[in-house]
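Colleague: Each chain is listed here by its residues.
Protein chains: 2
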Amino acid sequence: MDERSIAVIGGTGDQGFGLALRWAAAGRHVIIGSRDAARAAAAAEEARALLGPGAHRIEGRANLEAARSAPLAVLAVPFTAQVGTLKSIAPALAAGTILVDLTVPLEASVGGSAARILGLWAGSAAEQAAAHVPQGVEVAAAFHNISAGALRRLEAPVECDVLVCANRVETRHAVRPWVEAIPGCRYVDAGALENARVVEAITALLIGINRRYKTHTAGLRITGLERPGPA
Amino acid sequence: MDERSIAVIGGTGDQGFGLALRWAAAGRHVIIGSRDAARAAAAAEEARALLGPGAHRIEGRANLEAARSAPLAVLAVPFTAQVGTLKSIAPALAAGTILVDLTVPLEASVGGSAARILGLWAGSAAEQAAAHVPQGVEVAAAFHNISAGALRRLEAPVECDVLVCANRVETRHAVRPWVEAIPGCRYVDAGALENARVVEAITALLIGINRRYKTHTAGLRITGLERPGPA
Chain A
53 MDERSIAVIG GTGDQGFGLA LRWAAAGRHV IIGSRDAARA AAAAEEARAL
103 LGPGAHRIEG RANLEAARSA PLAVLAVPFT AQVGTLKSIA PALAAGTILV
153 DLTVPLEASV GGSAARILGL WAGSAAEQAA AHVPQGVEVA AAFHNISAGA
203 LRRLEAPVEC DVLVCANRVE TRHAVRPWVE AIPGCRYVDA GALENARVVE
253 AITALLIGIN RRYKTHTAGL RITGLERPGP A
Chain B
53 MDERSIAVIG GTGDQGFGLA LRWAAAGRHV IIGSRDAARA AAAAEEARAL
103 LGPGAHRIEG RANLEAARSA PLAVLAVPFT AQVGTLKSIA PALAAGTILV
153 DLTVPLEASV GGSAARILGL WAGSAAEQAA AHVPQGVEVA AAFHNISAGA
203 LRRLEAPVEC DVLVCANRVE TRHAVRPWVE AIPGCRYVDA GALENARVVE
253 AITALLIGIN RRYKTHTAGL RITGLERPGP A
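Those protein sequence lines, which keep their order, are chains A and B.
Every number in the working numbering is 52 more than the matching position in the first sequence, counting from 1.
Every number in the working numbering is 52 more than the matching position in the second sequence, counting from 1.
Please keep in mind that the hints were generated in silico from the structure rather than gathered at the bench.
Every value quoted in this text rests on a predicted model; they were computed, and no experiment measured them.
Treat the hints with care, since some could be wrong.
To give an idea of the chain B side of the interface with chain A (calculated C-beta under 8 Å), a few residues [stated by the list, open to error]:
#, residue
1, A167
2, A202
3, A256
4, A270
If you want a taste of the chain B side facing chain A, the calculated C-beta under 8 Å gives, among others [as the list claims (entries may be wrong)]:
#, residue
5, E211
6, A242
7, N247
8, A253
9, I259
10, T267
11, I274
12, G276
If you want the ones that stay clear, here's a sample from chain B, every Cβ over 10 Å from chain A, calculated [as the list claims (entries may be wrong)]:
#, residue
13, A147
14, R168
15, T223
Virtual Cβ for every residue (Gly too), placed ideally from N, Cα, C.
One chain only, chain A, in its complex shape:
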């Protein structure tokens, strides 16, 4: 297992594919996962075509295979598929794996608005994810607030901070290099996993702002952080 590899479960969707593109563009080894191995392979092929000859370390596999291929697995599936996908990949998540959840429980997933989120009993999608991973797997929450459109525009930096939540600071730090591999993204330590309640909700707020401002690239920056980050 390559320590510099990342698996993107649901990497054929807009957000997952955009992240996979950016990490592959940065020279990282990316495994795109999909329920269907053929769709995963096709997405990897599409990514290679977009990135050109320099970036060939991107491949596609079925979710289960993808999940066992890297020390970090990003979960980028629609909210309604989150728990089912986690149950299906759980056997492949080795102790020590970090699962980076970027699920946003948009009301749109049950037919409502994409500018609202559902209230979850667990508090947030990330905390819901934490209830469905095997022991020894740590859950982080990150990358919710980056627009898929901004990820896809490879010629421009992504003007967005990435708020990273996890219960252990070491887990948050493990996600940091993956934030910093994307041009324009800045890591912000957002504390414990429960804070994903706010970070997920910010995505719904940004979707509403996108609509009102007739754009699709709204993101956010935290201002006033004189220091590079907590030790």
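Knowing the structure of chain A, use the given hints to seat chain B on it.
Modeller: The following block gives chain B in isolation, referenced to the frame of chain A:
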């Protein structure tokens, strides 16, 4: 009633006083309200001393008097005092008044953490406020995310966007000049009042970030808004 006046109910607290200072520094007529008229007068006196001879259009009154003195009344009291204060000033709020709520229901108000918020049955403190104003009074939510420390440092601009929520776009627009009167602040149309659920929660997130980054001036900017704003 001067259309360019603003009343700051709870203007002796950190956030309210900081806003009053900034608006007075911009030459606006500011009425600081307090339960105790003498404390309000003392705060106005302190503001005049800080601002120097140029800014004398700041005065102090009891909350009820303050509330009837301006077409915009900012509610800047601690969460536990919000409903009580609203009940006490309700008789003074004329139809057409805009109440700008900046209450954040921090868990700290019941002995918990300032980096967490309470769940409110109304959805947000702003929606709770809307249930306690007389008919004909519109509620907006704004100014939650600006740190009191940044407001107080008059020599520096406030590096923070102000997310303004209200059910009518006209209400949001009425708040806009008050955002733009503060150097460094930018108005962002954050949609309906229910979105204050997210905006209030962002304050708790910023308080946690302040702690981890050992600062007290964390704020936020929305990126990717190419246009000046919705029509």
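Colleague: Each hint should be assessed against the structure and marked as holding or not.
Modeller: Hint check results:
1. Contact between A167 (chain B) and chain A, as hinted, is supported at the beta carbon level, the nearest pair being about 7 Å apart and thus within 8 Å.
2. Interface restraint check: A202 (chain B) against chain A, minimum CB-CB distance 7 Å, threshold 8 Å, status holds.
3. About 7 Å separates the beta-carbon of A256 (chain B) from the nearest beta-carbon of chain A, less than 8 Å, and the hint is met.
4. Against a cut-off of 8 Å between C-beta atoms, the interface hint on A270 (chain B) holds, since the closest Cβ of chain A lies about 5 Å away.
5. Checking E211 (chain B) against chain A: minimum C-beta separation of about 4 Å stays under 8 Å; hint holds.
6. Given hint, A242 (chain B) at the interface with chain A, holds; its Cβ is 7 Å from that chain's nearest Cβ, closer than 8 Å.
7. A distance limit of 8 Å between C-beta atoms decides the matter here; for N247 (chain B) the minimum to chain A is near 6 Å, and the interface restraint holds.
8. Of the supplied interface hints, the one on A253 (chain B) holds, with its beta-carbon coming within about 4 Å of a beta-carbon of chain A, less than 8 Å.
9. Here the hint on I259 (chain B) is broken, as its CB sits about 10 Å from the closest CB of chain A, past 8 Å.
10. Using the Cβ-Cβ criterion of 8 Å, the hint placing T267 (chain B) at the interface with chain A is satisfied: the shortest such distance is roughly 6 Å.
11. Annotation: interface hint on I274 (chain B) holds; nearest CB of chain A at approximately 6 Å, less than 8 Å.
12. Checking G276 (chain B) against chain A: minimum C-beta separation of about 4 Å stays under 8 Å; hint holds.
13. Separation of A147 (chain B) from chain A is adequate, the least Cβ-Cβ distance of about 28 Å exceeding the 10 Å criterion.
14. R168 (chain B), annotated as away from the interface, has a beta carbon of chain A within 10 Å; the closest lies near 8 Å.
15. At roughly 14 Å, the least C-beta separation between T223 (chain B) and chain A is larger than 10 Å, which holds for a residue marked as non-interface.
This entry does not satisfy hints 9 and 14, going by the numbered hints stated previously.
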